[in-house]
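Counting in this note's numbering, the final residue of the sequence shown is number 587, and the numbers go up one at a time with none missing.
Keep in mind the hints are simulated off the structure, nothing from the lab. Check before you lean on any hint, since a few could be wrong.
Pairs of lysine-lysine residues, derived as DSSO-like cross-links and limited to a Cα-Cα distance of at most 27 Å, are as follows [said to hold, decoys possible]: (1) 548 / 510; (2) 504 / 526; (3) 504 / 568; (4) 509 / 548; (5) 526 / 509; (6) 553 / 504; (7) 504 / 548; (8) 578 / 568; (9) 502 / 553; (10) 553 / 572; (11) 502 / 578; (12) 502 / 548; (13) 510 / 526; (14) 568 / 548; (15) 502 / 524; (16) 524 / 553; (17) 526 / 568; (18) 548 / 572; (19) 572 / 502; (20) 509 / 524; (21) 553 / 578; (22) 524 / 510; (23) 504 / 524; (24) 548 / 526; (25) 578 / 566; (26) 553 / 509.
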Amino acid sequence: MKCKIKMRTNKKESEFTSCISCGITKDKCLDMFDLMVGDTVLTICDSCNKELFRKSLRASCYTDSRLKTKHDIKIITNRKRNRQVEGVV
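Using the sequences and the hints, build the whole thing.
Listed below in structure tokens is the structure:
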């Protein structure tokens, strides 16, 4: 099963829209974003969005730079093989 992650700008005019992370309301931030992971929708502000991507990049760099074990290489190979079957390459 493929995990679906989607993101969009929240354009709702509601004053009650607030960030799930820091609690700031829409009128006190530049932008609000809806982040959908599976069936769960999370609304975050631009500041928390920036922090989320900073931490994601750091985690990605860590994973890419560490020495891979045979088990890690097997996982990577299987992912590539599954992408080729789906035509995503």
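Hints versus structure:
A hinted pair counts as satisfied when its Cα atoms are at most 27 Å apart, and residue 548 with residue 510 qualifies at roughly 20 Å. For the hint linking residue 504 to residue 526, the alpha-carbon distance of about 24 Å falls within 27 Å, and the restraint holds. Pair hint residue 504 plus residue 568 does not hold up; C-alpha atoms about 32 Å apart against a cutoff of 27 Å. Using a Cα cut-off of 27 Å, the hinted pair residue 509 and residue 548 holds, with the two alpha carbons roughly 18 Å apart.
This hinted pair checks out: residue 526 and residue 509 have alpha carbons roughly 14 Å apart, not beyond 27 Å. With a CA separation close to 18 Å, the supplied pair residue 553 and residue 504 stays within the 27 Å bound. For the hint linking residue 504 to residue 548, the alpha-carbon distance of about 16 Å falls within 27 Å, and the restraint holds. With a CA separation close to 15 Å, the supplied pair residue 578 and residue 568 stays within the 27 Å bound.
Proximity of residue 502 to residue 553 is assessed by CA-CA distance (about 20 Å); at most 27 Å being required, the pair is judged to hold. Annotation: proposed proximity of residue 553 to residue 572 holds, straight-line Cα distance about 26 Å (limit 27 Å). A C-alpha spacing of about 17 Å is found between residue 502 and residue 578, which places the hinted pair at or below 27 Å, so the restraint holds. Simply put, residue 502 and residue 548 have alpha-carbon atoms about 21 Å apart, close enough for the 27 Å limit, and the pair holds.
Restraint check for residue 510 and residue 526: the C-alpha separation of about 14 Å stays at or below 27 Å, so the hint holds. In summary, the hint linking residue 568 to residue 548 is not supported, as the alpha carbons are separated by about 34 Å, beyond the 27 Å threshold. Proximity of residue 502 to residue 524 is assessed by CA-CA distance (about 26 Å); at most 27 Å being required, the pair is judged to hold. Proposed proximity of residue 524 and residue 553 is supported: the alpha carbons are some 23 Å apart, at most 27 Å.
This hinted pair does not check out: residue 526 and residue 568 have alpha carbons roughly 49 Å apart, beyond 27 Å. Our distance criterion of 27 Å between C-alpha atoms is broken by residue 548 and residue 572, whose separation comes to about 33 Å. Note on residue 572 and residue 502: the hinted pairing holds, with a Cα-Cα distance of about 23 Å set against a maximum of 27 Å. Distance hint between residue 509 and residue 524 is fulfilled; the C-alpha atoms sit about 10 Å from each other, no more than 27 Å.
A distance of roughly 25 Å separates the Cα atoms of residue 553 and residue 578; the hinted pair therefore holds under the 27 Å criterion. Of the pairs offered as hints, the one joining residue 524 and residue 510 holds, with about 9 Å between alpha carbons and a cut-off of 27 Å not exceeded. A C-alpha spacing of about 20 Å is found between residue 504 and residue 524, which places the hinted pair at or below 27 Å, so the restraint holds. In summary, the hint linking residue 548 to residue 526 is supported, as the alpha carbons are separated by about 16 Å, within the 27 Å threshold.
This hinted pair checks out: residue 578 and residue 566 have alpha carbons roughly 16 Å apart, not beyond 27 Å. Taking the CA atoms of residue 553 and residue 509, the gap is near 25 Å; set against the 27 Å cutoff, the hint holds.
Hints 3, 14, 17 and 18, counting from the list given before, are not met by this structure.
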